[in-house]
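Trainee: For reference, the chains in residue letters:
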Amino acid sequence: MKQTGNSDKPKRFGMVIDLDKCTGCGACMVACMAENNVPFRKDESKKLVSITWLRVYRLTNGKPYPDAEVCYLPRPCQHCAGKHEGHSPCVSVCPATATDYDQQTGIVSQIYTRCFGCRYCMGACPYHARHFNWWDPVWPKGMEKYLNPDVSARMRGIVEKCNFCFQRYQKGLEKAHMEGRRELEENEYQTACTQACPAGAIIFGDLNNPQHQVHQIAKPNLKKGGRPQNPKAFRLLEELATNTKVYYLSSKQWVQDAIHKPDLLDQTEAQH
Amino acid sequence: MFPFSFEWIWDMSHIIFMGGLWYALSILGAGMTFCIIKAILATANGKGGHHH
Amino acid sequence: MDSALIPKGVKRCPIWQFALGLGVVGAVLLWGVYAMFLCWFKGLNQTNMNDYYGFALWIWADLAVIALGGGAFFTGLLKYIIGKDDLKNIINYAVLIGFICYSSALLILAIDVGQPLRSWFIFWHANVHSMLTEVAFCLSCYFAVLTIEYIPLVLENRQLDKIPFVHNLTHTMHEHMAIFAATGAFLSFFHQGSLGGVAGVLFGRPFAYREHLFIWPWTFFLFTWSAAAYGPSFTLLVTRITEKITRKKLVKDTTIQLLAKISGWMMFTYITAKIIDTVYWATTTAPSLGFSLKDFYSNNPVYGYWILGAELILGGVIPALMLITPKIRSNRLLLTLATILAVMGVCLNRWVMVLQVMAVPVMSFDTWAMYYPSWQEVATTVLPVAYGIILIMISYRYLPIFPNEAELNPLEPETPVVAAADTEEAAEEGPEPGLTPAEA
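Residue numbers (this note's numbering), protein chains in the order written: chain A, 1 to 272; chain B, 1 to 52; chain C, 1 to 440.
One or more of the hints may lead you astray.
Not everything, but these chain B residues come out facing chain C in the computed CB check (under 8 Å) [said to hold, decoys possible]:
id, residue
1, F4
2, E7
3, F17
4, I36
Covered stretches of chain A (in silico footprint by chain C; criterion: 3 or more residues with CB under 8 Å from a CB of chain C, positions within the stretch not fixed) [what the hints assert, rightly or not]:
id, segment
5, 11–17
6, 109–117
7, 123–133
8, 151–158
9, 208–221
Okay, derived cross-link-like pairs now, DSSO-like style, lysine-lysine, Cα gap no bigger than 30 Å in a straight line [stated by the list, open to error]:
id, chain 1, residue 1, chain 2, residue 2
10, C, K11, B, K38
11, A, K46, C, K42
12, A, K83, C, K261
13, A, K224, A, K21
14, C, K42, A, K47
15, C, K42, A, K145
16, C, K252, C, K8
17, C, K84, C, K261
18, A, K63, A, K47
19, C, K88, B, K38
20, C, K294, A, K252
21, C, K327, C, K244
22, B, K47, C, K88
23, C, K162, A, K63
24, C, K42, A, K141
25, C, K244, B, K47
26, C, K42, A, K42
27, A, K47, C, K294
28, B, K38, C, K244
29, B, K47, C, K162
Treat the hints as calculated values from the structure; they're not laboratory data.
Every residue gets a Cβ at the ideal spot worked out from N, C-alpha and C, and that includes glycine.
With these hints in hand, go ahead and build the complete structure from the sequences.
Mentor: See below:
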């Protein structure tokens with residue numbers, strides 16, 4: 001992938017989501033929809049055609065009362081890097097180069113004006129992070145006046161997904177440029193979901209920057225495909241070597257057991 | 001698609017892949033052109049016209 | 001009424017019957033066209049697809065129809081490159097079937113994508129690393145090849161052939177058909193393969209993912225192989241159906257037997273490779289990604305081990321064994337049964353590699369997704385079948401598709417009206433002089 005841009009050290013924007021803190025309130029989902037002009041229908045009960053860039057899943061340990069436990073898991077786009085940085089499952093399959101891995105930020109973008117809606121990327125994504133516009137957006141009367149002007153609205157027939165609120169990064173860079181600097185502070189680029197979470201369960205920042213919280217908490221090991229060195233941290237589908245940028249924290253063993261298969265990690269390690 | 005478009009990179013994938021496409025299209029185009037020209041010449045020489 | 005357009009030496013049904021047939025199939029076609037316009041103008045919400053089923057009936061239909069149309073490239077390869085000259089008796093029909101199959105695939109794709117007017121982006125902004133790009137490129141080029149192969153058949157219409165230039169063009173194209181057939185075979189190898197590659201590269205979907213040979217997953221080679229193996233069986237099946245409807249033998253037995261035998265051996269070698277691949281994937285590849293075979297075939301209402309057995313045994317081993325056994329193959333009914341099982345087998349393989357891939361959950365807390373098509377999807381899938389039947393009807397009526405037809409169905413001798421006149425004249429003249437009544 002041809003990359004232009006500055007020659008500063010590349011960033012890898014990512015998240016740490018603390019599942020012990022998440023209450024499943026859904027404020028993050030709502031904030032995301034508001035920030036990104038995500039369309040919705042009158043009847044949103046059909047979840048399989050509902051567009052939610054960030055979706056909160058409900059996990060249980062399957063035990064009856066009084067041992068029943070619940071865990072809520074917010075799942076944004078994981079911005080996979082794949083085995084070789086840039087080899088996300090979705091990016092490699094798009095036939096029209098409508099989705100791209102940015103080597104400078106680690107963000108997987110979606111180019112709405114180029115996508116022709118073949119939906120191959122949706123089939124490739126194991127996290128179901130990608131959504132298709134089965135309908136044209138219909139905004140309730142007057143709502144078109146308070147859509148976010150920094151985010152393009154999408155028409156039917158194309159795919160969309162979480163882009164880590166990239167418009168906020170661009171706004172932050174503009175502000176920094178006006179002030180004569182090139183680097184952003186940690187709090188100058190934060191996603192909508194991060195800021196909306198009342199429990200502070202989502203933390204967002206540059207995984208490559210040792211001063212950012214996400215780096216300090218997850219401690220990604222770049223020599224082992226970004227594997228977290230924090231024993232409480234894990235990534236979804238680590239064994240598929242998708243090399244995602246969303247790290248989950250949980251102190252509960254049942255959550256860790258339910259989600260990933262640690263015994264496979266040695267095998268995937270051997271393959272790298 | 002073309003070497004002069006902004007997304008083009010002179011790497012092996014582009015050369016093999018797009019080269020293959022242009023090669024196949026060239027063979028088809030050249031083959032058909034050849035057949036048509038040969039047919040025009042044969043008609044000019046007064047061949048054909050009988051039906052079986 | 002249209003007898004001037006009908007090839008010499010063969011008989012065709014009266015035009016009113018033909019028009020009636022066209023009308024019936026045309027009505028079905030119109031139903032499909034209506035559904036197509038609904039999808040284009042109202043959007044893909046007319047289907048039952050959703051975010052879990054981005055690929056559904058249409059993509060299955062595309063893959064199936066392209067696999068079945070593989071008879072065109074493989075028969076062409078066998079006849080023009082390898083030199084199995086006996087196949088000249090069926091190659092025209094194989095080309096026509098291939099043309100219908102590929103034009104159907106392109107039509108379905110035009111309806112399936114979310115923004116059909118942007119389809120050209122796949123060429124203009126091509127991602128050379130994507131399997132789907134390779135599919136699009138090779139499919140388009142190969143459709144051009146099929147058009148080139150079909151044109152001479154059209155130009156051989158009795159009236160068109162009278163035009164000197166047309167006759168010469170047909171002649172030169174036939175002379176040099178090997179170049180087009182070879183290009184077609186090369187392109188087919190790649191697009192049949194890359195359709196398999198579409199599924200095999202999905203490293204986020206352990207059900208579909210396979211180990212690679214260089215840049216190609218094993219599904220690449222299995223798809224090309226299965227298209228070459230099962231495609232000719234589809235050609236044979238359609239030929240048989242056509243013979244039943246026209247109530248005529250259209251292709252010599254030696255040709256049928258040859259193609260059936262080749263198809264059988266290709267199927268046999270393919271299914272052996274496929275079973276080896278399945279075993280390796282089930283025991284090594286999928287477990288290394290955290291899945292056992294059981295995960296793919298349980299806890300859902302549809303996909304059980306039965307589908308694996310149906311695809312491999314019923315749709316693979318059995319028809320292969322039937323077609324390679326001369327005693328069974330020479331029985332036309334059993335041969336037809338084998339081709340039906342074969343067609344079912346390859347359709348089932350394509351279904352599994354598209355829809356079951358979508359159905360299987362990957363994240364541990366995710367669920368199985370089930371799907372059934374909407375009527376609009378069914379109608380738009382039946383649309384190309386109706387179009388194909390109409391094209392076959394028209395081509396069969398007006399073009400010399402079957403070289404053996406005249407020979408296998410000799411026309412009746414001169415009509416009895418002429419003979420009666422002779423007898424009357426002889427009676428008026430009286431018995432021959434010199435002949436006794438007993439000898440007259």
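Trainee: Are the Cα atoms of C:K42 and A:K42 separated by 30 Å or less?
Mentor: Measuring from Cα to Cα gives roughly 17 Å; hence the hint holds.
Trainee: CA of C:K84 to CA of C:K261, is that 30 Å or under?
Mentor: Given that 30 Å is the threshold and the Cα spacing comes to 13 Å, the pair holds.
Trainee: Would the pair A:K83 and C:K261 pass a check requiring their Cα atoms to be no farther apart than 30 Å?
Mentor: violated, 45 Å
Trainee: Are at least 3 residues of the segment 109–117 of chain A within less than 8 Å of chain C when you compare beta carbons?
Mentor: Three-residue rule met by the segment 109–117 of chain A, so holds; n is 4.
Trainee: For C:K11 and B:K38, compute the direct alpha-carbon distance and say whether it is at most 30 Å.
Mentor: violated, 34 Å
Trainee: Tell me if the straight-line CA distance from A:K224 to A:K21 falls inside 30 Å.
Mentor: This hinted pair holds, its Cα atoms lying about 28 Å apart.
Trainee: Was the hint right that B:E7 lines chain C, CB cutoff 8 Å?
Mentor: holds, 7 Å
Trainee: Can you confirm whether the C-alpha distance between C:K42 and A:K47 stays at or below 30 Å?
Mentor: holds, 21 Å
Trainee: Do three or more residues from the segment 151–158 of chain A put their C-beta atoms closer than 8 Å to C-beta atoms of chain C?
Mentor: holds (count 3)
Trainee: Against chain C, run the beta carbon of B:I36 and see if the smallest gap drops under 8 Å.
Mentor: Given a least distance of 7 Å, the restraint on B:I36 holds.
Trainee: Are the Cα atoms of A:K47 and C:K294 separated by 30 Å or less?
Mentor: holds, 27 Å
Trainee: Okay, the segment 11–17 of chain A and chain C, do three or more residues pass the C-beta test at under 8 Å?
Mentor: violated (count 0)
Checked against the numbered hints given earlier, this structure breaks hints 1, 5, 9, 10, 12, 23, 25, 28; the rest are met.
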